[in-house]
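Asker: Sequence:
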Amino acid sequence: MYENPTEQRHTMIAWMEDKPGVLNRVAGLFRRRNFNIESLAVGHSETPGISRMTFVVRGTNRDMRQVQTQLFKLINVTRIEDVTNKEAITRELALIKVKATSETRAEVMQLVNIYRAQIVDVDMDSLIIQIIGKESQVDSMIKLLSNFGIEEMVRTGR
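All residue numbers in the sequence shown are consecutive under our numbering, ending with 158.
No lab work stands behind these hints: they were computed from the structure. Do not take every clue at face value.
[To be verified] For lysine-lysine, the following DSS-like pairs were computed, each having C-alpha atoms within a straight-line distance of at most 27 Å:
| no. | residue 1 | residue 2 |
| --- | --- | --- |
| 1 | K19 | K73 |
| 2 | K99 | K143 |
| 3 | K134 | K97 |
| 4 | K99 | K134 |
| 5 | K86 | K134 |
| 6 | K143 | K97 |
| 7 | K86 | K73 |
Could you build all of it, start to finish, from the sequences and the hints given here?
Answerer: Next up, the structure:
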């Protein structure tokens with residue numbers, strides 16, 4: 001697959017009116033421009049009636065300026081900002097259901113302690129682990145837990 005060396009991961013934030021269909025219009029803009037949204041988190045903001053969408057997408061600086069312009073033209077979008085180069089504290093949350101037999105449970109629990117994660121559910125042959133941290137920390141724990149067998153996983157966006 002061809003990769004443009006000037007492409008980078010951009011973190012963008014859009015503030016929009018909290019109305020039906022707005023998320024669909026924003027996602028449609030990315031689809032039409034053939035961008036893959038790598039990460040997406042949407043929720044209420046500190047302003048009543050306004051939602052905040054944080055998304056990560058790969059592209060050139062020029063591409064992202066065009067996306068910003070087009071997003072701002074959408075009805076219900078009130079503000080858009082590329083925060084890629086701004087200082088920020090970013091965290092991801094992952095819930096991971098991992099196989100944990102009587103033989104491996106202690107080792108899995110040791111990893112949970114090392115990563116300061118939490119066990120949120122216990123079953124006879126599995127554990128559900130919650131980890132909150134930097135993307136690299138979550139990636140690292142997932143890689144180690146994959147040795148035991150990950151049965152299910154869900155992860156928030158950046």
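Asker: Against each hint, give a clear statement of whether it holds in the structure.
Answerer: Structure-based check of each hint:
no.: 1; hint: K19 / K73; verdict: 16 Å, holds
no.: 2; hint: K99 / K143; verdict: 14 Å, holds
no.: 3; hint: K134 / K97; verdict: 19 Å, holds
no.: 4; hint: K99 / K134; verdict: 24 Å, holds
no.: 5; hint: K86 / K134; verdict: 16 Å, holds
no.: 6; hint: K143 / K97; verdict: 13 Å, holds
no.: 7; hint: K86 / K73; verdict: 24 Å, holds
In summary, the structure agrees with every hint in the numbered list given earlier.
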